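J.: Let the hints inform the model, and build the full structure from the sequences given.
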Amino acid sequence: MKALLQRWAPAAFLLLALGLLWEWASRSGAVPPYLLPAPSRIAAVLVEDFASFAPAWGFTLQVTFGALGLACLSGLLGAAAFALAPALERALLPLAVALQVTPLVAIAPLILIYVDDPLAALLVCAWVVAFFPILANTLAGLRAADAGLQELFRLYRATPLQRLRWLLLPGAAPYFLAGLRVGAGLALIGAVVAEFTAGAAGHQTGLASRLLEAMFRTDMPRMFAALALIMASGLGLQAAVALLERLWIGRWHGR
Amino acid sequence: MSPLLELEQLSLRFGALPVLQGLSLQLQPGERLALLGPSGCGKSTVLRVLSGLLAPGGGQLRLLRPLRFGSVFQQPTLLPWASVEDNVALPLRLQGMARKAARAQARPLLERVGLAGFAQALPHQLSGGMQMRAAFARALVNAPDVLLLDEPFGALDEITRERLGQELLAWCAARPELALVLVTHSVFEAMALADRVLLLGPRPSRVLLELDVKGQRSGPEWTRQDAYFALVRQAQQALADALREAA
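Residue numbers (my numbering), protein chains in the order written: chain A, 2 to 256; chain B, 10 to 256.
The reader is advised that the hints may include incorrect statements.
[What the hints assert, rightly or not] To list a few chain B residues with every Cβ distance to chain A over 12 angstroms, as calculated:
{"no.": "1", "residue": "Gln-30"}
{"no.": "2", "residue": "Gln-37"}
{"no.": "3", "residue": "Arg-172"}
{"no.": "4", "residue": "Glu-186"}
[Unchecked claim] Here's a subset of chain B near chain A, in silico, CB distances under 8 angstroms, partners left out:
{"no.": "5", "residue": "Ser-80"}
{"no.": "6", "residue": "Phe-82"}
{"no.": "7", "residue": "Trp-90"}
{"no.": "8", "residue": "Pro-100"}
{"no.": "9", "residue": "His-133"}
Derived by calculation from the structure, the hints in this document are not laboratory data.
Bear in mind that the values here come from a model prediction, so they are computed numbers and not experimental data.
In this text, a Cβ means the ideal position worked out from N, Cα and C, and glycines have one as well.
T.: Set out below in structure tokens:
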């Protein structure tokens with residue numbers, strides 16, 4: 002309990018102080034409220050309009066988690082395939098790098114044209130940015146296996162699959178999770194950016210559309226409310242990955 | 010008695026660097042052989058040839074029959090995420106044995122090396138000496154014909170080293186047919202643990218001297234006897250001569 006307090010108290014105090022300062026600045030008129038609405042006002046809007054925000058939030062999360070799931074699956078499978086067949090890596094990795102270094106906003110319009118289903122198009126956009134860090138990190142982890150253990154597995158005539166299952170994959174877990182941490186943040190960014198580019202295409206829309214609508218109407222409290230939900234989603238994702246890390250590799254990694 | 014394995018005129022080079030030159034050795038069932046030599050003389054390379062990890066460049070390796078090897082390196086080399094029990098059971102799992110059966114077979118080995126109470130512990134929770142015990146248990150778990158030991162006490166402190174060496178002899182006594190090849194640069198360790206010692210010269214290595222330890226060993230407390238120290242001195246002298254010649 003004390004350790005928990007020591008860990009989080011400074012950040013909580015700073016946040017509280019900033020929030021109070023912001024509230025005061027807005028209420029006292031030091032900053033016009035139509036430029037910077039008070040936190041209490043934003044919270045009120047969030048509660049009042051939750052019926053409108055909830056489906057949008059759900060949609061954005063759906064795209065984010067869907068893309069992240071696909072990125073995990075393809076990143077893991079890709080890294081395992083590359084580790085088993087280096088020729089495959091030499092052929093495909095440049096392509097993956099090319100996809101990674103091209104800004105999402107530049108590829109998104111193409112994807113939106115090529116992929117008919119709007120949800121699928123957004124998923125592809127978010128996957129494109131989340132996939133590479135997971136692939137690259139996992140691959141680095143598969144390569145980092147201890148030389149002595151590699152020799153041991155050779156001595157006992159382990160098959161390539163046994164080596165992958167009992168040596169390479171467990172050893173790559175910390176690297177995969179580091180990639181997941183980056184990939185999770187990027188998947189959310191990808192989901193929001195792709196929706197910005199798509200505009201209000203499908204009948205279902207996410208938080209980015211709420212943000213755009215509010216912007217067109219210069220409805221500042223609603224803009225901040227949508228922004229708050231996006232930020233909360235990102236923080237929640239990071240916390241979830243941290244928890245996963247502790248449960249999965251906390252017992253042995255870094256000791 | 011026909012030898013368990015036989016290495017004849019082994020020569021090996023790494024690129025342009027000749028490592029071994031015309032090295033021959035035989036290993037009898039149940040025999041404890043030590044390869045003693047200065048570091049970098051290619052002792053570990055001989056082990057890798059014996060276990061089949063490295064093809065002999067020149068010369069021949071003959072096995073009496075397909076042999077099973079167990080190995081212990083200078084480092085414990087345990088899977089950090091797996092329990093001690095699962096680490097010890099690993100060679101069996103790699104042979105295709107089911108988890109439950111492999112664990113059941115690992116348990117008596119854990120007991121023999123004194124780790125029965127630590128079956129569920131992770132390697133990082135053990136001391137260095139205990140980790141080496143786990144490595145020995147793993148090397149013994151699949152009932153090997155030959156145990157290959159590559160400086161297995163090198164990373165341990167003096168007291169643990171001597172104790173673990175004596176315990177190793179006790180563990181091996183339970184399996185009289187188990188042969189053992191010990192690579193070491195410690196003259197004392199070689200004379201204390203081996204039946205026969207091959208003294209290797211500096212690179213490119215060949216056998217400088219063969220010492221029969223078993224024939225001189227009698228009774229307990231071997232490492233306190235004059236004959237033991239005489240052998241140690243003889244090996245040290247031969248090593249010093251060879252190094253002077255090379256320089």
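J.: Restraint: B:His-133 near chain A, CB-CB cut 8 angstroms. Satisfied or not?
T.: Since the shortest Cβ distance to chain A is 4 angstroms, the answer is holds.
J.: Minimum C-beta separation from B:Gln-30 to chain A exceeding 12 angstroms: can you confirm that?
T.: holds (25 angstroms)
J.: Grab the minimum beta-carbon distance between B:Glu-186 and chain A and tell me whether it stays above 12 angstroms.
T.: holds (20 angstroms)
J.: Mind checking the CB of B:Trp-90 against every CB in chain A and telling me if the closest is under 8 angstroms?
T.: Hint on B:Trp-90: holds, closest Cβ of chain A at ~5 angstroms, below 8 angstroms.
J.: Minimum Cβ distance from B:Ser-80 to chain A below 8 angstroms?
T.: With Cβ-Cβ at 5 angstroms, under 8 angstroms, it holds.
J.: Using Cβ atoms and 12 angstroms as the threshold, tell me whether B:Arg-172 really stays out of contact range of chain A.
T.: Fine: 24 angstroms to the nearest Cβ keeps B:Arg-172 off the interface.
J.: Any CB of chain A closer than 8 angstroms to the CB of B:Pro-100?
T.: holds (5 angstroms)
J.: Would the least Cβ to Cβ distance between B:Gln-37 and chain A come out above 12 angstroms?
T.: holds (22 angstroms)
J.: Next item in the hint list is B:Phe-82. Is there a CB on chain A closer than 8 angstroms to its CB?
T.: holds (6 angstroms)
When held up to the earlier numbered hints, the structure conflicts with none and fits them all.
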